[in-house]
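Enquirer: Please take these sequences and the hints and turn them into a complete structure.
For the sequence shown, counting from 1, position 272 maps to 722 in my numbering; every step adds exactly one.
Just to be clear, a hint being listed does not mean it is correct.
As the list claims (entries may be wrong) - Taking lysine-lysine and the DSS-like style, the derived pairs with C-alpha atoms no more than 27 Å apart in a straight line are:
id : residue 1 : residue 2
1  : K699      : K613
2  : K547      : K598
3  : K629      : K613
4  : K478      : K613
5  : K478      : K699
6  : K547      : K629
7  : K598      : K699
What the hints assert, rightly or not - Ranges between beta-carbon positions, derived for each pair:
id : residue 1 : residue 2 : range
8  : E724      : D664      : 28 to 36 Å
9  : K660      : A615      : 36 to 44 Å
10 : L539      : A719      : 29 to 37 Å
11 : A719      : D595      : 45 to 53 Å
12 : T725      : S621      : 37 to 45 Å
No wet-lab data here; the hints were simulated from the structure. Note that CB positions come from ideal geometry on N, CA and C, so glycine has one too.
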Amino acid sequence: MQTDLNATREPRRLALIDLDDTLLGPGKQISSANRKAIDHLRMAGFEVAIASGRLHQNIVRFDEPIGGMGWVVSSQGAVVRHARTNELLYEVALLEKEALEIYAAARSAQLSIIVYHRDGVFIEQESEWTRLYGERAGWMPELVDLSKLAASGVQKVLLAQSKAAMASMRSGLEISFGKRFYLVETDSEITEVLSLRANKMFGAEAVARKLAVDRCNVVAFGDGYNDVELLSWSGFSVAMAHGRPEAQKAATRISPPGPPETAFARAVALMLRETGDRPVAQR
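Expert: Okay, structure coming up:
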């Protein structure tokens, strides 16, 4: 007979886990060590939630290798939805005028536009950069008239060009949009534009409130620029040793060195050791 371990431990605790380059290794697979680490978190009494920049539909395809998903923070924190019940807990979209303004600025700068919408991922024309995005994400965006999406459900807009072009434009983007939108560099060729109320921290707050988990009992694991706010906010956090310096600075600890595909497993072991938690075998 199995015991609901989350129900037997007080206070409740929550673990938020980034996907790409944290739980997923370079090959976009979950190593056996990382999979076991998720079990260790659950056996230590943690509710496990995924927090990723990916679209919700793209995240839930990992349900089986993760061993079953619950709450999912997607699109950089713009949406929080339950993987099983489909309950929508949090959603913040760009206003129509904001989306149209971002499109216009991107076209003027000859940047490729990729739009995350509640119905999918869309582009207005193919380019080297949209194809590169598709290869990395594992799916290709759909060609549409982006203006028809602007009135509803635009979660974020990705602006893409060469590394050199994006580097030269970032200061201008910050001047134009930095005070009104959340800007985050997720790849050297991509800057994402979202609502100021859309980052992983806000999604984590929504899940913690729903589960009645105090901030001090939240742990987080991440590696990138888009994890900084979450890592800073959480009661205990671990950045991957191969991650961005900004993420490492924001975190409580950095995972021990080793292969990137098992960094998350080492991060969980470190967190459990330092917090004094121990996995309890199910019976």
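Enquirer: Going through the numbered hints above, which ones does this structure break? Give me the numbers in ascending order.
Expert: Going through the list in order, the structure violates hints 7 and 8 and respects the others.
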